Amino acid sequence: DAGVIQSPRHEVTEMGQEVTLRCKPISGHDYLFWYRQTMMRGLELLIYFNNNVPIDDSGMPEDRFSAKMPNASFSTLKIQPSEPRDSAVYFCASSLSRGRSDTQYFGPGTRLTVL
Amino acid sequence: GESVGLHLPTLSVQEGDNSIINCAYSNSASDYFIWYKQESGKGPQFIIDIRSNMDKRQGQRVTVLLNKTVKHLSLQIAATQPGDSAVYFCAENSPSGKLSFGAGTTVTVRA
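Residue numbers (our numbering), protein chains in the order written: chain A, 1 to 115; chain W, 1 to 111.
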């Protein structure tokens with residue numbers, strides 16, 4: 001199994017531009033999570049999906065952030081317009097089920113730099 | 001000026017020695033705990049987990065101890081190797097179902 005796949009691995013953009021991060025979860029996993037990691041705040045859950053449906057987006061910082069999961073093998077996290085404070089590493093993770101005894105497997109992350 | 005941000009605990013350990021990484025969790029109702037290892041430039045990687053009905057669980061070279069009385073979790077790594085150098089996170093699964101991560105501990109193995 002290839003594990004969770006994220007693209008791009010690195011993204012550098014200018015303030016105001018739209019950024020789209022992509023994730024392919026592990027095949028057969030029903031849950032998909034988007035996290036953001038910064039030195040200031042550590043690892044934060046942004047949103048998670050169950051069977052392609054967004055369940056909890058309370059961690060999404062503001063309306064500039066949106067996430068979709070059009071099918072079981074693909075999800076996107078979009079930031080429009082991007083701001084310098086969005087610079088972080090964004091991780092996607094997937095698991096077979098939610099919570100109890102289910103391990104989340106993380107992708108390699110996308111390092112986003114907004115100038 | 002003073003740096004702002006998370007002040008990650010650090011642990012420097014001699015190669016071959018045992019390492020102990022500690023974590024305090026916040027929610028007494030949390031019922032599942034996980035340790036993750038994050039190497040530079042990579043995503044967190046699962047190491048070991050433990051349910052709240054256990055107080056100890058062993059894996060390959062790693063042991064997790066859970067003390068629910070004081071809401072404390074520890075990860076012990078036996079015979080620490082250079083490849084163990086990483087940031088280690090504990091995570092608790094709260095009744096809300098969300099996985100909450102600690103700030104992390106940076107482990108550096110000295111040759």
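Please keep in mind that the hints were generated in silico from the structure rather than gathered at the bench. Certain hints may be false.
Label pairs and their computed distance ranges (CB to CB) [as the list claims (entries may be wrong)]:
| hint | chain 1 | residue 1 | chain 2 | residue 2 | range |
| --- | --- | --- | --- | --- | --- |
| 1 | W | 52 | A | 115 | 43 to 49 angstroms |
| 2 | A | 64 | W | 79 | 36 to 42 angstroms |
| 3 | A | 16 | W | 8 | 30 to 36 angstroms |
| 4 | W | 111 | A | 14 | 29 to 35 angstroms |
| 5 | W | 42 | A | 59 | 19 to 25 angstroms |
So these bits of chain W aren't anywhere near chain A, every CB distance computed over 10 angstroms [to be verified]:
| hint | residue |
| --- | --- |
| 6 | 34 |
| 7 | 45 |
| 8 | 63 |
| 9 | 68 |
| 10 | 70 |
| 11 | 74 |
| 12 | 76 |
| 13 | 81 |
| 14 | 84 |
| 15 | 99 |
| 16 | 103 |
| 17 | 108 |
Derived pair list, reagent style EDC-like, types lysine to aspartate or glutamate, alpha-carbon separation capped at 20 angstroms [stated by the list, open to error]:
| hint | chain 1 | residue 1 | chain 2 | residue 2 |
| --- | --- | --- | --- | --- |
| 18 | W | 98 | A | 56 |
| 19 | W | 71 | W | 49 |
| 20 | W | 98 | A | 14 |
| 21 | W | 98 | A | 30 |
| 22 | A | 78 | A | 56 |
| 23 | W | 98 | W | 17 |
| 24 | W | 68 | W | 84 |
| 25 | W | 56 | A | 30 |
| 26 | A | 24 | A | 83 |
| 27 | A | 68 | A | 14 |
| 28 | W | 71 | W | 84 |
| 29 | W | 98 | A | 44 |
| 30 | A | 24 | A | 62 |
| 31 | A | 78 | A | 102 |
| 32 | W | 42 | A | 14 |
| 33 | A | 24 | A | 63 |
| 34 | W | 98 | W | 39 |
| 35 | A | 68 | A | 44 |
| 36 | W | 42 | A | 63 |
| 37 | W | 98 | A | 11 |
| 38 | W | 56 | W | 15 |
| 39 | A | 24 | A | 11 |
No experiment lies behind these values; they were computed from the predicted model shown. Positions of the beta carbon are idealized from the N, C-alpha and C atoms, including for glycine.
What hints, given by number in increasing order, does this structure fail? Result: hints 2, 4, 6, 7, 15, 16, 20, 23, 24, 25, 26, 27, 28, 30, 31, 32, 33, 34, 36, 37, 38 break, sorted rising.
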